[in-house]
Amino acid sequence: MKTFQINFLFRSLFALILIFGCAACNDLLEQTPPATGSNILPDDAINTAADLNQVLISAYDVLANTYNGGAQALPVLLSDNLVRPFNQNDYTSVWLRSTSIFNGNVSNIFRQYGIAILRSNTVIENLDRVQLSAAERNSIEAQARFIRALGHFDCMRSWAFSSGYTNDDSHPGIAIRSSSQIVNAPRSTVGEVYNFILADLAFAQANLSETPSVFATRWAALALEAEVRFQRQEYTEALAIADDILANAPYSLDTAVNRYQYPQVSPEAIFYIFSATRSDGSVDNRSGTFRTNYFGNGNPALRLQQEFYQKLTEVSGGETPRGLLYEELDQDGNISYITHMFDAEIFHIPVLSLTQMLLIRAESLAELNQNPGQAIDDINFIRQRAYGSVVADLEPGASANQIIQAARLERRMEFPFNGQRYYDLVRIGAQGENVIVRGAPWDCPGMILQFPATEQTDLFPLNISGGC
Amino acid sequence: MIKLYSKALWVFFCSVGFSALTFGQSITGSVLDENSIPMPGVTVRIDGTTNGAATDLNGVYTITNAPVGLQNIVFTFIGYKSFTVSVNVPATGSVKADHKMELDAEALAEYVVVGYGVQRQREVTGSISKVDGKQITDIPAPSFEAALQGKAAGVQVTQGSGLAGSGSVVRVRGIASISAAGDPLYVIDGIPITQDYFLNGNRGAFNNNPLASINPNDIASIEILKDAAATGIYGSRGANGVILITTKTGSGTGWSFDLGTRHGISLPTARPDMLNSNELLQIYQEAWENDGNVGLAPLFGGITWDQARQTDTDWVDETIGVGFKQAYNFSAKYATKKFKLFSSIGYDDNGTYLLGNSYERTSVRANAEYEISKKVSITATTSLSSGINNRVDAAWSGGLGAAMSTALPYYPIFYGDTVFNSSGVATRLPGDYYDLGTNPVRQRELQDWKTRELRSISSLAVDIKPIKNMFVKVYGGLDLMSLKDERFIPQLLRNGDRTNVNNPNLIEIYPTLTNNWNTNATVTYLHDLTDKHKLTYLVGFEYQQSRSRSLNRVWREGDDQTADFGGYNNGLLLDYFDTFFDEDFLNDPENAERPRDTLPGFNVDGSNLQVFNFVSGFARVNYAYNDKYFAQASFRADGSSRFGENNRFGYFPSVSAGWVISEEDFLKGSEIISFMKIRAGWGITGNASIPNYQQYGEYQVRENGYNDETFRFLASPPNPNLQWETSNAIDISLETGFFNDRITTTLSFYNKSTTDVLLRITPQPSTGFENFWDNVGKIVNRGIEFQLTSTNMQRERFLWKTDFNIAYNYNEIVSIGDYSPDAISGGTNDTRVVVGAPVGTNFLVEFSHVDPETGRNVYLDINGNETMVWDPANRRAVGRVLPKAVGGITNTFDIGKWTIGLVMIYSFGSDIYDSSSKRQLGVVSEWNMRSEITDRWRQTGDNARYAQGSLLPENYGLDNAFNNNSTQFLDDGDYVRLRRLSVGYNFSKFSIGSMPFEGLNITVSAVNFLTFTNFDGLDPEIARDFEDATDRNMSPNITFLTPPQEMSFNLALNLRF
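Residue numbers (the numbering used here), protein chains in the order written: chain L, 1 to 468; chain U, 469 to 1525.
FYI, nobody ran anything at the bench for these hints, they're computed from the structure.
Certain hints may be false.
[Unchecked claim] Covered stretches of chain U, going by a simulated chain L footprint (3 or more residues, C-beta under 8 angstroms):
hint, stretch
1, 653-659
2, 950-961
3, 1225-1238
4, 1335-1345
5, 1424-1435
[To be verified] Interface residues of chain U toward chain L, partial, derived using beta-carbon atoms under 7 angstroms:
hint, residue
6, Lys805
7, Tyr1093
8, Asn1094
9, Ala1148
Each residue gets a CB set at the ideal place from its N, CA and C atoms; glycine is no exception.
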């Protein structure tokens, strides 16, 4: 009896071990996310060129949702173009130059740059997974590297002091992200980040198409480099690239002052965010944050400084194409200054434009003391377009300094809401001029934005908050 | 699988032969139970020999070959008193010895349910607390787990808020998880149930409570397994404790019935004291002027100063009142020798003090056991319950939360006059709800919002005794759950403006179906090596799968309210069962060809299928020597679909031992120490509460991207190494009984070290990833528990008993890898993960005082220097949400037929962060403020509690009014609460006419009626709404407009017949 009981026990155990050890167990444990719907396992995600192209589109899509006014608002708020925002806590602390690690708006834009860069890196890392011709492969990689360069550049322009803050750009920049791996990255110097950006742009310029498109072109990569060189006060290089674009690129200067247009894109937009008409007839409106910030049914969150408004409207009593974009609003005795630039429901958003190349050329020429006639012509083209007459033209004998001041003023007035003014203030400060922005020096700590809390690691020190 | 396995066993069993018995001179007789019914299976043995027999189905036994002469015959049966009788065995023939067995109440109470079995309390070598059903229904609570509060040492229960049906946060011996759910595993009648608190997310500031639909009246007992020796058999899911719930079964003889009713009222334990209209206008204007402005400050909600001065709405009054409760339970028990039945039907309408809010549960249950033969019995349990939560917005979502924040007292409830738009068209009529500012009454009255849950938990078990001492059990459990959140939002609520017809009536439904089943088979073998050496083996395997399908949002516009959610709920029951077994629907609900579930005219915004499974094998060996020394070893191997491919299986061993010292000669016969046992255990357990699919990483595809193109992107990275958390725990306990067990105590020490703690990490945002799961951290829990039960006084008509317990827990996060305190995503909480501090640490800037010169806030920087700038770089670990000690005292007095019960609970050593105060007592804003704000700085020299009023965050040193997180709003969280006082009268047997009754109890009780605390806010017992598991682990004791607990007064009747 006892023997039988023990036998039974062992046989039962053996049966159970068989059950546990069965090969099917592993299959039972393979519960992958449902194949239907929008979720795909990484192993199945990129099998064709079309799949890879969809990843590239995803990087553009981030840009489209970031350069919708959200990214631009932050440097505008740091500049002297606006008064304190109305009832907007996150924006107010940017304007007060005291952003903290918990500023939702600031963190979100920083994160968006990271996502655009991640998606670009995903494209680059998966090039070998699909069949592509060399040209296709280079074009896809070049677009990804353009987006990666743009992400790093615009992020660094607001979260680190401008090139020139230290002589050798050894001051803290941002993290360089060249792969999709989750690693704690150190804080690279501004110089290191610029080298990374320029290497990406060189590749992009060598491999992108010259044909205008809603996507990045060789001209876009060149225009971005012009911006980079100009921000670094490398005026010789900036001038050469701006000249090249103005002479050879298939774009023409717009006749309109407001270049946020629809359905046609401004003819001078070298790289822009495209608002598509969708297949279902609706419109992919990418201009939402511009409208939210500046339109607001006459009660916008972001409004102009009086001094700036007066500059915009001083010629011909404001009855000029430029002046008519602005209005003085009297609400129960509370005076504010608003713009109508973003009143349209839908518009494309120029990011890199020919007018900027014109102004880079004019200011670079003057900085280098070259060809003042060309510089004055460039300035005057813009003024005549803005005022509809020659009334505000620079005199033919204007000095280099007058040209520089005129170029800076025009840049401020041509691009009042995309951050150019802030980039100019810190560039000018970095090159040694005494720049005071709304009562605080250009290099006070809060003039750059604070990183989100989790960017901080032992290798990555934060910026100093406030102090302006 | 069940079928195949059962067949195989049957074939095996059929091959077994049994030896035949031989007869000589014999002892025969019959044995009856306490109800005089023949009792099979009773062991009858000649004392001092191994010669004996068991009674047959008719209760008859025959012992053959009995020695001639006077013999002592011993009758034994588990749960009955053993009995010895002397008989004189003749040389030939037989002698008769009958006996009627008596129930042994003490012996019955000694048994506890353990994982996959029961054990005698005496033999248990792990830490297990038992709470019986009576204690659970004593305290009126919509959800049974609330009643565990203060009843078991080391079990911390923080009750949900005053919202109907809200769940408690239960922690067993501290908390060893951060991002993975820290709740214990709930097992009902053998099935680990669906216990996801986030099936409905945090909609309306309320997490669905998966335990609310279980009728507490159906519960026979709850065992809380606390240490690794007890939970080791649950392997990768045992680390945070296991709560075993056993439902009732039939007992006694024949039919018995129980009818219970309860009626009560609900009131808040505290009431917010908000400013009235004049007070708010005064501080707002004062702040406006302090900021250098002139004239009257612009008001919110399109209200003029004249209108504001004439309006004074008390929104707190408009959102709270008196809630009514009623509950009816009827149960029937039936028992014969072979068949036992328990069935019940219950209805519980649990209204709360929040106007419009109640939880209605209707439940039926049937549990049956049938002994097919001596060797085979079958047990089936099934329940069906319907929970309807009549929802209101709360906390940040509205309702009372709005009354405490953005519903300003100068907003009216209704428009008094017609409102015209700029074109002169009337958009609002007199009597329409005011809609230009927050109006919680409008929200509540216009919308119709219900969360409906239909749930069935069932099990079927076949117990087979193929040979002597061997018990085979084949078990299947099924937990089906349908959860639908339904909201009707009328056009007027969506638009406000009567002329706006752009947003017609809207029906929204968020349905989730969960089909969770398990099956296991166990073989238990009792192996008596000698009379003294006894072994018990258990081996088993288990498989569990859960499939849960949610539709993201099902919606249709244009219906009217009477359409019963567009017919969606027609055929509810049929749909319910159809749906669970319809694979097509679970896999692809939008395209499933199911007439009742085609959703006419409804839009479905996508769906989500969650599947997980566990495949497990386990074994346990128990050794007992001479009823004095006990040892146990257990082992479980768990494989789960949630683990990464590099860590498919986890292995979880445990060993433990117990020594009943009082059996030793030196203590035997002691008049003081009647029982003493020391036990110790070690084991490794895990926590596998990882969201599904996290190991795979994911690309997502979206349409209508840039240039109207489809796009795909890497949303989360794969982690093939993802695995369970591992807890390595030891427990040493001393159980003692004094004075014939009149006083019993248990003292336990434990140390639990948890490694590979699952963290949902927010990496550097520049990586482009929002978060990912990894096994990174290490947490230590150690503590002391003490439990005492004492019969303080026992007289003929007076009995006073005290149950006391207290547990101290030390909790420390030892490591979080290279990550910063901010890197663990914690939802909306204001706590952080700080190395060297406990889970859920208040990580705040230290507030010093209000500067008497300037009226500004003064903070302390990281070096302790004063600063007027709130800078997050100065945050420090300054508080803890986890109490150091919790416990309870229950005193029961039986005076004649009267019973008085007093339950007191306490919690010491925690802090409360009153997160709403940062707005109610901070920057003057679009929020109403609390009356304490009158103690604010007004002029130089004022020593005020709060800063000078200002509308500008920078005047408080802040960059944002919401970032005002400082110790200014951190409070002492200690409290002692009189949880329940009850007075009952028991009528013993009586008759009405010819109808006999067994008894009647009438009890009045008051719950939460008295609390001692230093907390300045509403209620010190806080489990707010949570965003996710991390939030739930880290944010109890954080209140953000959280409704206070309810106080209730109840009258209960219980009639037995």
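| Of the hints stated earlier, which fail here? | Those not satisfied are hints 1, 2, 6, 7, 8, 9.
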